[in-house]
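Fit chains B and C to the supplied structure of chain A, relying on the hints for placement.
Residue numbers (the working numbering), protein chains in the order written: chain A, 1 to 226; chain B, 1 to 91; chain C, 1 to 742.
There may be inaccurate statements among the hints.
To be verified - In silico lysine-lysine, DSSO-like type, Cα no more than 30 Å apart, as pairs:
1) C/Lys-447 with A/Lys-2
2) A/Lys-77 with A/Lys-41
3) A/Lys-2 with A/Lys-22
4) A/Lys-41 with C/Lys-447
5) C/Lys-614 with A/Lys-22
6) A/Lys-41 with A/Lys-2
7) C/Lys-335 with A/Lys-22
8) C/Lys-614 with A/Lys-2
9) C/Lys-335 with A/Lys-41
10) C/Lys-599 with C/Lys-400
11) C/Lys-614 with C/Lys-447
Please keep in mind that the hints were generated in silico from the structure rather than gathered at the bench.
Residue strings, one per chain:
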Amino acid sequence: MKACVVVFPGSNCDADTYHALKEVAGFDTDLRWHGDTDLEKYDLIVIPGGFAYGDHLRAGAIAHFAPAMRSVGEAAKRGVRILGICNGFQVLLEAGLLPGAMLRNDSLQFRHQWVDLRVESTETPFTAACGQGQVLRMPIAHGEGNYFADPETLRQMGHERRIVFRYSDEEGNVDPAHNPNGSAENIAGIIDEGGNVMGMMPHPERCSESILGGTHGALIWRSLGL
Amino acid sequence: MSVSNYRVTVIVRPLDEVVDPEGDTIELGLHQLGFEGVANVRSGKVIEMVVSAADAIHARSLATEMSEKLLANPLIERFDIEVGQGSVTQQ
Amino acid sequence: MARALDDPVSDTALTAVALNRFEYNRILERLGRPPNDLELGMFGALWSEHCGYKHSKALLRRLPTDSPRLLVRAGDENAGVVDIGDGMAIVFKIESHNHPSAVEPFEGAATGVGGIIRDIFTMGARPIALFDSLRFGPLDDARNRYLANGIVGGVGSYGNCVGIPTVGGEVVVEDCYAGNPLVNAMCVGLLRHQDLMLAEASGEGNPLILVGADTGRDGIQGATFASVEDPESSARGVVQVGNPFLEKLLIEACLEALSTDAIIGLQDLGAAGLTSSSVESAARAGAGVEIDVAKISRRAANMTPYEVMLSESQERMLVVAESGRESEVIDVFDKWGLHSDVIGSVTSDGSVTITESGKTVAHVPIEHLNEPPEYRLAVEFPDYLAGASALDISAIPEPKNVGEALLSLLSAPNIASKECIYRTYDQTVGSNTVAGPGADAAVLRIKGTERAIALSTDGNGRACYLNPKAGGAMAVAEAARNVVCAGARPIAITNCLNFGSPSDPMVYYQLYETIEGIAEACEAFGIPVTGGNVSLYNEAAGRQIYPTPVIGMLGLLENVETTTGIGFAAEGDVVAVMGDLAGSLDGSEFLKHFHGLIKGMLAIDLDREVAVQKACSAAIEAGLLRSAHDISDGGLAVALAESCFAGGVGVNVDSVPTEARIDELWFGESPSRILVSISPKHRSRLLDLTASVNVPLHIIGRVGGDRLKLARNADVSLDEARQIWSSGLANVLSGRMEAQYT
Chain A
1 MKACVVVFPG SNCDADTYHA LKEVAGFDTD LRWHGDTDLE KYDLIVIPGG FAYGDHLRAG
61 AIAHFAPAMR SVGEAAKRGV RILGICNGFQ VLLEAGLLPG AMLRNDSLQF RHQWVDLRVE
121 STETPFTAAC GQGQVLRMPI AHGEGNYFAD PETLRQMGHE RRIVFRYSDE EGNVDPAHNP
181 NGSAENIAGI IDEGGNVMGM MPHPERCSES ILGGTHGALI WRSLGL
Chain B
1 MSVSNYRVTV IVRPLDEVVD PEGDTIELGL HQLGFEGVAN VRSGKVIEMV VSAADAIHAR
61 SLATEMSEKL LANPLIERFD IEVGQGSVTQ Q
Chain C
1 MARALDDPVS DTALTAVALN RFEYNRILER LGRPPNDLEL GMFGALWSEH CGYKHSKALL
61 RRLPTDSPRL LVRAGDENAG VVDIGDGMAI VFKIESHNHP SAVEPFEGAA TGVGGIIRDI
121 FTMGARPIAL FDSLRFGPLD DARNRYLANG IVGGVGSYGN CVGIPTVGGE VVVEDCYAGN
181 PLVNAMCVGL LRHQDLMLAE ASGEGNPLIL VGADTGRDGI QGATFASVED PESSARGVVQ
241 VGNPFLEKLL IEACLEALST DAIIGLQDLG AAGLTSSSVE SAARAGAGVE IDVAKISRRA
301 ANMTPYEVML SESQERMLVV AESGRESEVI DVFDKWGLHS DVIGSVTSDG SVTITESGKT
361 VAHVPIEHLN EPPEYRLAVE FPDYLAGASA LDISAIPEPK NVGEALLSLL SAPNIASKEC
421 IYRTYDQTVG SNTVAGPGAD AAVLRIKGTE RAIALSTDGN GRACYLNPKA GGAMAVAEAA
481 RNVVCAGARP IAITNCLNFG SPSDPMVYYQ LYETIEGIAE ACEAFGIPVT GGNVSLYNEA
541 AGRQIYPTPV IGMLGLLENV ETTTGIGFAA EGDVVAVMGD LAGSLDGSEF LKHFHGLIKG
601 MLAIDLDREV AVQKACSAAI EAGLLRSAHD ISDGGLAVAL AESCFAGGVG VNVDSVPTEA
661 RIDELWFGES PSRILVSISP KHRSRLLDLT ASVNVPLHII GRVGGDRLKL ARNADVSLDE
721 ARQIWSSGLA NVLSGRMEAQ YT
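With the rest of the complex left out, here is chain A (with noise of 0.2 Å):
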């Protein structure tokens, strides 16, 4: 598995997205800057959490035009795998390799919290590993994580079992009593029609070692190893 982390201005989850892939993971990775275009060796591209450019104007809205999304949204075509991960997921979104955009939370405030998510799909090249209605748990830590997609893509979505994660308790009952956010129908993380972009807003790369509270995380990054 040969993987790398994209580096924009503002990106604060990178060095950690990193130790989680090489150190734990055991992958082959390598940190890329944002200006570089020459992506075509990776089999794993992963847009790591942060606050690109500053969150300014809306998370994720001016590194999507970063050069290296060009070459992201290149790999995608080609079936490589991309994971982005909590302002990853929104720069995914921006950047239209996934449906749907982001809002505030509904509290207006940025939250940070363990929670807890149902594995909705197995059927995924991240989520392999995982048992079909497990139970992971992972922190969340962002201000803008709301999911928002029009009823008729969420239906599609749906359909198409492209929701991957659901925000729930810890049995697995999905409510609204467990929504960190406001997340339309609990959505934590969802994949693309071709089944090789995943967006997430939980942080896996902060679970992947007991020593940090949860090793969940690295289920993903066992995952993508199969």
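Relative to chain A, chains B and C alone:
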């Protein structure tokens, strides 16, 4: 006394002498997109509302009070108020 | 340019730069001529309390600064540098931003966070954690609530964006902070020994490069502003607005530029802007500097040399590069989209020379600027202390229902959960957070090693008000106890001293005594003070704040796996108290909450404190403890409740043999006490261990069930208690969105 509803728009802008990180970053993004001839980008916010008042002058004075007390922070922001012509329906 | 000798400067002009006539005459003496307006402004800024520490410097010399662990001593650099082994070191410092936060809370707090982060990465360290110790006036008042919410918003906004986890801090509410909130931010950085960078402007001819934001009229005279009593009424420049995105670029660019080896020195621009940064870095090297203000990019038109030299525009750095290699440095900044200007060079004449397009506009020997007068005032016992310490406990009835009293106390803002605040902070970015807010101390693993560091910030204004010396020592002791409970050994502190006006003899006494207490405690623990900050003139409406030292404690764990949390871990575990079972109510939250009393005699036995902490450390390192929790605000009952909440399990305390009053038993707050839980099989080993060091150990009950059962009449539902504790602070902080600026 009859009361009408006025569409009021408050535009809040950073004071000229205050740094505007959002404006600066948008300017950077525009330059990167090739809009080289762009400068002095400033970013503020627009707040729209329907206000019940005796007349347009009263609507404006209410909006001014709202802006001073809540909508703008006079230490770092200034505001402009637009009051629409005629009355509208408040829902 | 020079003022004629017979053209005396007016009192108004001196007041504007926060200098007095005596100081002005000293300047005349040293220069042998009157200063011009720019020079006078530079003296004013550097001789301000904020930069020059003129009232506190003599007292601060009392603090111990020696330790074999220190790579850089206090005062020599921006922050202390402490060896943690494996070739790694920690750089940490705490600093106040009280006065700006009283005026514009969001930006005041945000720029406070930004400033302390710059102090850390300028030394070549990667910032890895932030702490925020916040103090507010009563939250039933709309203005205090506005200040509190703005400050919390500013702290979160900056730290979250710049990508440094906020892993701890404090939130304290007292009447004395009304209108004068305290915002103390601590930043912690990690570096390899060989990457340490000093803030020195050395080597004649080496270029000075100003990097980052353009210079505007922001916060002109901020340093002097922090050194007058009523900042809101004094004339001042534009409010500083923080730009965490730019700061993030500066962090990455500076750390990358440092790896070129072409940088000689690095200094951030903080209070008094370019004036203090250039003078201080030249002073450290015994060199001089020459700066052409015309070469500095500005954000506003028609700025005078005075405005440029004293601007406090945020997110700027002064880089001293090796002559001939400046382009290597500038290239790195260009890559990160950062603007840089070569604005001058290092000289050998020991003076700061400011020119504007070739014309000299200021020329002052640096030793004159850098050595402000020091004031030593008489230390007199203030009248209030006799009254404040006279507490007649027998006149206070014992509570009839301990359960009800506990629930009420759990809802008090100083005791209630702070989660409604810290959940708005990113606590885990960096992927090092082993324990975050809500624990006694934050614990961060050090990647690539087995080690971890534990940190805590603690202050106790109320205790210092009642007994400044004991309070100062207690603040150090509590901070140490907190890192010990997490499994670490204390190794160094940084401190932020928040006090009122030093010209008030009461305040000067408080400052003198508090520093004495801090010094004695540090000596008892054998740890140094690595640096810090003094914030004076904290008063509003003519009332001085409580003397409020905030201690930032650094502890080290040799093995991260030994870290211990505060939560009860397993049903059936034995619950015990190390140290005295009951405590004193003097100066307690209980007395304040139920009786409105701020009274009492406070004392700490440092020998006992050290013994209790060493016993706890030894027990943790021997693997005996399943939990350890400092007994502090609210006493034993509150500590028990917190250990239950953190563990999600109840407790049954059925053995409390003591002659003490029931309120002293459950709510007394004497120091040197730790609540622990152990597996029953370790009971005798722990008893042996504590007995061998003469530390009392009281076995008081068992973990289990879903209730908090306390002997001598309390039995409350854990869920109910948790609900009250979780919502106490959130309820008072929320409320309607209010008119903000009136």
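Please list, smallest to largest, the hint numbers that this structure does not respect. 5 and 8
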